[in-house]
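Trainee: Going down the list, the protein sequences come from chains A and B.
Mapped onto the working numbering, the consecutive letters of the first sequence carry residue numbers 1 to 136.
Mapped onto the working numbering, the consecutive letters of the second sequence carry residue numbers 137 to 275.
No lab work stands behind these hints: they were computed from the structure.
Heads up, a few of these hints could be off.
[Stated by the list, open to error] In silico negatives: residues of chain A with every beta carbon more than 10 Å from chain B:
{"no.": "1", "residue": "Ile6"}
{"no.": "2", "residue": "Asp11"}
{"no.": "3", "residue": "Leu14"}
{"no.": "4", "residue": "Ile69"}
{"no.": "5", "residue": "Val72"}
{"no.": "6", "residue": "Asp74"}
{"no.": "7", "residue": "Ala85"}
{"no.": "8", "residue": "Glu92"}
{"no.": "9", "residue": "Gly99"}
{"no.": "10", "residue": "Thr102"}
{"no.": "11", "residue": "Glu111"}
{"no.": "12", "residue": "Ala118"}
[Stated by the list, open to error] To be clear about the criterion: a stretch of chain B counts as covered by chain A if any three or more of its residues have a C-beta under 8 Å from a C-beta of chain A, and this derived list gives those stretches:
{"no.": "13", "region": "163 to 176"}
{"no.": "14", "region": "233 to 242"}
[To be verified] Far from chain B, by Cβ distances over 12 Å, these chain A residues were calculated:
{"no.": "15", "residue": "Met1"}
{"no.": "16", "residue": "Arg3"}
{"no.": "17", "residue": "Gly10"}
{"no.": "18", "residue": "Leu19"}
{"no.": "19", "residue": "Met21"}
{"no.": "20", "residue": "Ser22"}
{"no.": "21", "residue": "Glu31"}
{"no.": "22", "residue": "Glu35"}
{"no.": "23", "residue": "Ala39"}
{"no.": "24", "residue": "Ser68"}
{"no.": "25", "residue": "Ala103"}
{"no.": "26", "residue": "Arg108"}
{"no.": "27", "residue": "Ala114"}
{"no.": "28", "residue": "Glu120"}
{"no.": "29", "residue": "Leu121"}
{"no.": "30", "residue": "Asp126"}
C-beta: ideal position from N, C-alpha, C; glycine also.
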Amino acid sequence: MERVPILKIGDILLVSIQLDMSDQTAVQLQEDLAERIVATGCHGVIIDITALDIVDSFVGRMLSTIASISKVLDAETVVVGMRPAVAITLVELGLSLNGIRTALNVERGMELIAAAHADELDYQLDDDLDAETATP
Amino acid sequence: MTAGIDLGQPQAQSVRSDEDVVRVRQLVRAVAVASKLSLVDQTKVVTAASELARNTLVYGGGGSVEVTVVDNGRRKGVQIVFADSGPGIADLDLAMTDGYTSGGGLGLGLSGSRRLVDEFQIETSAETGTRITVTKWSR
Ligand SMILES: Nc1ncnc2c1ncn2[C@@H]1O[C@H](COP(=O)(O)OP(=O)(O)OP(=O)(O)O)[C@@H](O)[C@H]1O
Ligand SMILES: [Mg+2]
Numbered sequence: 001m002e003r004v005p006i007l008k009i010g011d012i013l014l015v016s017i018q019l020d021m022s023d024q025t026a027v028q029l030q031e032d033l034a035e036r037i038v039a040t041g042c043h044g045v046i047i048d049i050t051a052l053d054i055v056d057s058f059v060g061r062m063l064s065t066i067a068s069i070s071k072v073l074d075a076e077t078v079v080v081g082m083r084p085a086v087a088i089t090l091v092e093l094g095l096s097l098n099g100i101r102t103a104l105n106v107e108r109g110m111e112l113i114a115a116a117h118a119d120e121l122d123y124q125l126d127d128d129l130d131a132e133t134a135t136p
Numbered sequence: 137m138t139a140g141i142d143l144g145q146p147q148a149q150s151v152r153s154d155e156d157v158v159r160v161r162q163l164v165r166a167v168a169v170a171s172k173l174s175l176v177d178q179t180k181v182v183t184a185a186s187e188l189a190r191n192t193l194v195y196g197g198g199g200s201v202e203v204t205v206v207d208n209g210r211r212k213g214v215q216i217v218f219a220d221s222g223p224g225i226a227d228l229d230l231a232m233t234d235g236y237t238s239g240g241g242l243g244l245g246l247s248g249s250r251r252l253v254d255e256f257q258i259e260t261s262a263e264t265g266t267r268i269t270v271t272k273w274s275r
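Using the sequences and the accompanying hints, generate a full structural model.
Mentor: As structure tokens, this is what we get:
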């Protein structure tokens, strides 16, 4: 079975799917990513599907599952590079990519993750301040 | 890519593993390109084939796929037959409903692939298994 490589770039894990994945390869990627998120403490995952000429229900479900798993592990997933024909087909198939953030390309995806992470830091800071003012 | 494939003949692919499902996608793509389908239509028919071939494997216990270039005199198209000798589909109306799954799927394979093709025909029984024929025409 082939495996999809996962690259670490700064605080982000980048997965660029270059092959027509078998279902087994897709499931393996899910597991590999979960492990890498925990091992690296990364807060963002970018899945680049520019090279995919179709996304069927199995791969669509895998993308949703990865997004959910990474959320639980405190990382944000962004899917980038979806081809127009793939988007049209997904909608007609009836697949709603629930909970999945998308961006046009890797750069935009990185911006999204950076913004999401900054928001989260702000939020935690606010919480800390509230806690301070609340204590007499 | 299509070298060595005689597209005048039906192309057969057995479906015994999830690697075979990948092969079905590649075969259907090659035939869709040869039939001059638009990029969107290629994408739709390959996606439908992926769904139906996976059902052949998972629910039909494996089977075979046959892909043919068809010509109705005005347009070319791709015709694909998915056949298995599995348990058949007891309640076809239910199975064709968006969201119905007897496994852990999304229940979009049958209903969704019917939307993605121009013609969709299904014969199923407990004795003979399931046979689905789909056609996508060039525009
Ligand atoms: N070839 C087949 N033989 C027997 N039963 C089938 C076959 N194909 C589909 N079915 C039945 O029809 C149901 C619906 O199939 P469909 O492809 O729409 O959804 P799914 O495979 O369960 O999920 P998804 O395809 O979205 O991952 C299946 O759960 C299964 O019970
Ligand atoms: Mg299915």
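Trainee: If a hint holds in the structure, say so; if it does not, say that too.
Mentor: Cross-check of the supplied hints:
Interface exclusion of Ile6/A from chain B stands, the closest Cβ pair being 21 Å apart, more than 10 Å. For Asp11/A, the non-interface assignment is confirmed: its Cβ lies about 32 Å from the closest Cβ of chain B, beyond the 10 Å cut-off. No Cβ of chain B comes within 10 Å of the Cβ of Leu14/A; the nearest lies about 24 Å off, and the non-interface call holds. Chain B leaves Ile69/A outside its interface by the beta-carbon criterion, the shortest separation being 16 Å against a cut-off of 10 Å.
With a minimum CB-CB distance of about 19 Å to chain B, Val72/A clears the 10 Å threshold, and the non-interface call stands. With a cut of 10 Å on Cβ distances, Asp74/A stays outside the contact zone with chain B, its closest approach being about 26 Å. Not every Cβ of chain B is farther than 10 Å from the Cβ of Ala85/A; the closest lies at roughly 4 Å, contradicting the non-interface assignment. Distance check on Glu92/A: its Cβ comes as close as 5 Å (rounded) to a Cβ of chain B, failing to clear the 10 Å threshold; non-interface status is violated.
Every Cβ of chain B is farther than 10 Å from the Cβ of Gly99/A; the closest lies at roughly 14 Å, confirming the non-interface assignment. Chain B leaves Thr102/A outside its interface by the beta-carbon criterion, the shortest separation being 17 Å against a cut-off of 10 Å. Every beta carbon of chain B lies more than 10 Å from that of Glu111/A, the smallest distance being close to 28 Å; the non-interface claim holds. The non-interface label for Ala118/A is consistent with chain B: the shortest C-beta to C-beta separation is roughly 34 Å, beyond 10 Å.
With 3 residues carrying a beta carbon less than 8 Å from a beta carbon of chain A, the region 163 to 176 of chain B meets the three-residue requirement, and the given coverage holds. Counting residues of the region 233 to 242 of chain B whose C-beta sits closer than 8 Å to any C-beta of chain A gives 3, which meets the bar of three, so the coverage hint holds. Not every CB of chain B lies more than 12 Å from the CB of Met1/A, the least distance being 8 Å, so the non-interface label is violated. Its beta-carbon lying about 14 Å from the closest one in chain B, Arg3/A satisfies the requirement of being farther than 12 Å from that chain.
Listed as outside the interface, Gly10/A is consistent with that label: its C-beta sits roughly 33 Å from the nearest C-beta of chain B, beyond the 12 Å cut-off. Residue placement check: Leu19/A does not keep its beta carbon more than 12 Å from all beta carbons of chain B (closest about 9 Å). With a closest Cβ-Cβ approach of about 8 Å to chain B, Met21/A is found to fall inside the 12 Å limit, against its non-interface label. The non-interface label for Ser22/A is inconsistent with chain B: the shortest C-beta to C-beta separation is roughly 4 Å, within 12 Å.
No Cβ of chain B comes within 12 Å of the Cβ of Glu31/A; the nearest lies about 16 Å off, and the non-interface call holds. With a least beta-carbon separation of about 22 Å from chain B, Glu35/A lies farther than 12 Å from that chain, consistent with its non-interface assignment. Every Cβ of chain B is farther than 12 Å from the Cβ of Ala39/A; the closest lies at roughly 27 Å, confirming the non-interface assignment. The beta carbon of Ser68/A sits about 14 Å from the closest Cβ of chain B, which is more than 12 Å, so the claim that it is off the interface holds.
A cut-off of 12 Å between C-beta atoms confirms that Ala103/A is not in contact with chain B; the least separation is 21 Å. With a least beta-carbon separation of about 23 Å from chain B, Arg108/A lies farther than 12 Å from that chain, consistent with its non-interface assignment. Against the 12 Å criterion, Ala114/A stays outside the reach of chain B, whose nearest CB is about 32 Å from its own CB. Its beta-carbon lying about 30 Å from the closest one in chain B, Glu120/A satisfies the requirement of being farther than 12 Å from that chain.
With a least beta-carbon separation of about 35 Å from chain B, Leu121/A lies farther than 12 Å from that chain, consistent with its non-interface assignment. Listed as outside the interface, Asp126/A is consistent with that label: its C-beta sits roughly 38 Å from the nearest C-beta of chain B, beyond the 12 Å cut-off.
Hints 7, 8, 15, 18, 19, 20 from the list above are not met by this structure, while the remaining hints are.
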